[in-house]
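Chemist: Okay, here's what each chain looks like letter by letter:
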Amino acid sequence: MDLRYSPEEQEFRGEVREFFRSVLPREIRDKVALGRLPSRDDIVRWQRILNARGWAVTQWAPEWGGTGWDTVRQYIFREEMYLADAPEPLSTNVTLVGPVVIAFGNEQQKRHFLPRIANVDMFFCQGFSEPEAGSDLAALRTRAVRDGDQYIVTGQKLWTSYAHQADWMFCLVRTDESARKQDGISYLLIDMASKGVTVKPVMTLDGGHHVNEVFLNDVQVPVTNRIGEENRGWHYAKFLLGNERILTGRIGLSKSRLRRARDLAARVPAGGSTLAASHAFREKAAALEVELKALEITTLRVLDEVRRQTGTAQDPKISILKIKGSELAQATAELLLEVAGPHALPRQEDWASGADVACIGPEWAATAAPNYLYLRAATIFGGSSEIQRNIVAKNILGI
Amino acid sequence: MDFSLNKEQTMIKDAVERLMHRHYTFAQRDTYARGAAGWSEAMWQRYSEVGLLGLFDSDVGGPVEAMIVMEAFGHSLVLEPFLAAVLLCGRAVQRAGGGSHAELLQDIAAGRLLMAFAHTEPSSRYELSRVATRATCKDRRWILSGAKSAIMHGDCARRLLVSARVAGEPADPSGIGLFLIDAGSAGVRRTGYTTQDGLRAADLVLDRVEVVAADVLGPPGAMFPLIQELADVAIAATAAEAVGAMQALHDMTVAYLKTRRQFGVAIGTFQALQHRCVDMLVELEQARSMALYAAMMASEPDARSRSAAMSAVKVQITKSSRYVAQQAIQLHGGIGMTTEYAASHYFLRLMAMQARFGDGAHHLNALASIDGREVLPAA
Ligand SMILES: Cc1cc2nc3c(=O)[nH]c(=O)nc-3n(C[C@H](O)[C@H](O)[C@H](O)COP(=O)(O)OP(=O)(O)OC[C@H]3O[C@@H](n4cnc5c(N)ncnc54)[C@H](O)[C@@H]3O)c2cc1C
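Sequence lines, in order, name chains S and X.
Under this note's numbering, the first residue of the first sequence is numbered 1, with each subsequent residue one higher.
Under this note's numbering, the first residue of the second sequence is numbered 1, with each subsequent residue one higher.
In case anyone wonders, no lab produced these hints; they're calculated from the structure.
On a predicted model such as this, the values are computed, not experimentally measured, just so you know.
For glycine and all other residues, C-beta sits at the position ideal for the given N, C-alpha and C.
Please note that the accuracy of each hint is not assured.
Stated by the list, open to error - DEER-style ranges, computed between Cβ atoms: (1) S/Y5 with X/S289: 49 to 55 Å; (2) S/A266 with X/E340: 37 to 43 Å; (3) S/R267 with X/K138: 33 to 39 Å.
Taking the hints into account, I'd like the entire structure generated from these sequences.
Modeler: Here you go:
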């Protein structure tokens, strides 16, 4: 046993760091560093840079463009990405839909979709939740009725992140009304340009436009856009949600937020000195660093175990990572909010969303509130913290 | 001890609650918020009619009356500049202005004059005595230069009550004066904006703004005690406001748990969520007690005891607000995240309050700096 990174791993880290330093466009880095939202163009541009280097879809199977790195290297890669203030590769494409197509799609689908997903020639959104199907996802009601070589899809999705920017949506639909609710669901890829698709914005707490309602009204979807077997969609969704839960931890991002909080606290006056000199602040920051270190080791340990034992992302231990990771994401954002103090008061959603407008007050403080606010959702989406606890209680503790 | 309200107080409570009930539904509030001023002129007149705008006057009402009004305002997330214009500026003018400003006070009470308290600065954060704006005396006039930031309702105020340093180093409690200026005076540049919680505010730049002797409040150089008193008034008022907001949010959450169904049952049947609601209530009750303590201590003449008490109030209110607001969103799930639904607006108000008049960490530090086996005064 050795918890230190090996010389090869450290060398790898150096290589990754140098790569990010040399290729990340400055405008994009500045936006991310200030906590502003990268635009769709920024995301596409960055992913194509990664893709050109062969690093856009590192976790995919090597025959479809993955790097074959082990868990530790994958982890180092992500961590360096966040520390470099690089946007992450589009998660709906890379972490969510891609692996499902690889695992359950047919050859033709793989050849058609995977290169386009990797290069964001198709920008995907996730159409799972509905008004009456949140935590109880299997209660979804959007219907797909078979009509020759097409499905006719009707229903409503809710909370669909970035549907307003997306070209495609991977979607859970009900194909069998009579079966047990988990057994009548299928997994479809829907072209957002299809007739009958309407997207309406839903504005969130932070003032941003992240989520949408998506109305599907007699939308024609070719049967060839169904991934896997009919009525087996729940199985694929569970596979996907495991991957989503591993991702939501985003330890590297929390670490970089903590670093930022410490840097900025040195600029903030408090008690005749600076906030960075205040013992209470230092204790808070130190306590968060301890928790992040522990979670880093827990993550590597759990992922290693999952890889060796079950080989799938459906292991209930992943819920532990989601619970703690989302809480620490919130806690680090809250520390930044505390550092920003009264500077976080002006509401400037346009600036935070990346618009070219003047910023009121210091730029470093202007996204503290929106980020803190948006991250309240981290313990809600991808399976809420309560649902994760239910999973652990039932599947690990057996109670 | 007596926790009951007297007859006049009960009448004020009824009057405010009636106004809120009739004119401050979430939809009505939204209309006010979207108007040019960001609040309702008609409501302001109504407050004046029922006598609320005279509440700065200790003959009209004390801290308990202020608490009653602010709690009701918090419950409906009121947008009007009551705290800034009435409780803070009205009080300051009354306490320091002597007889010469009687007309100003009449105008405030009648709803004709809006004022804002321009004290905080871009680098003062929560240190009350950190005033870098300078006032220099020249030919019996004062010349003010400096910058003020996050001035509550500073965007619409016709007159501004500005703190400025006449002597001493930036953080000295002594050497601070209070000056009345017209917002339209030469040399005043202001940038108005909306704050996270839907209120309006302004940043000000003062470039050699002239003040005549009659507009100097009290003895220049000796106004820090009054500034501290105003901050304490503000803490007591926002404590009550927070309690009103938390109560509304808690009610909303419990009602939602009874109606929202998942897995074939109301989510309120899940014990994990029931316990969370109970913990929210515990926090709310703790906060309510400290809002009462604040009302009791707000008229304490000993400034040290009063400020220590207000620090304690702010610590508890911050802790309770944070928990109640965060859990309210969590228990609502996605719907709690949307601005279409009221819960998010309560969250925003409770969050923004934390960054005004000192956050929890600031006040905890203030308390922890006092030596003693017990540092809080008895109520
Ligand atoms: C910002 C944001 C982005 C999102 N993006 C997407 C997206 O791109 N695509 C998509 O498909 N979905 C998305 N979602 C939806 C998200 O997955 C759901 O919000 C989530 O599943 C919770 O569902 P709900 O909002 O209906 O809450 P509900 O399920 O109604 O839950 C309300 C509360 O009840 C609790 N609860 C529910 N059941 C139980 C139980 N059995 N035991 C204990 N407690 C319980 C929950 O934990 C929560 O606290 C997003 C949500 C948000 C807020």
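Chemist: So, for every hint listed, does it hold in this structure?
Modeler: Taking the hints in turn, this is what the structure says about them:
1. S/Y5 with X/S289: 49 to 55 Å: Between S/Y5 and X/S289, where Cβ atoms are some 52 Å apart, the hint holds.
2. S/A266 with X/E340: 37 to 43 Å: Holds, at about 40 Å.
3. S/R267 with X/K138: 33 to 39 Å: For S/R267 and X/K138 the Cβ distance comes to about 35 Å; the hint holds.
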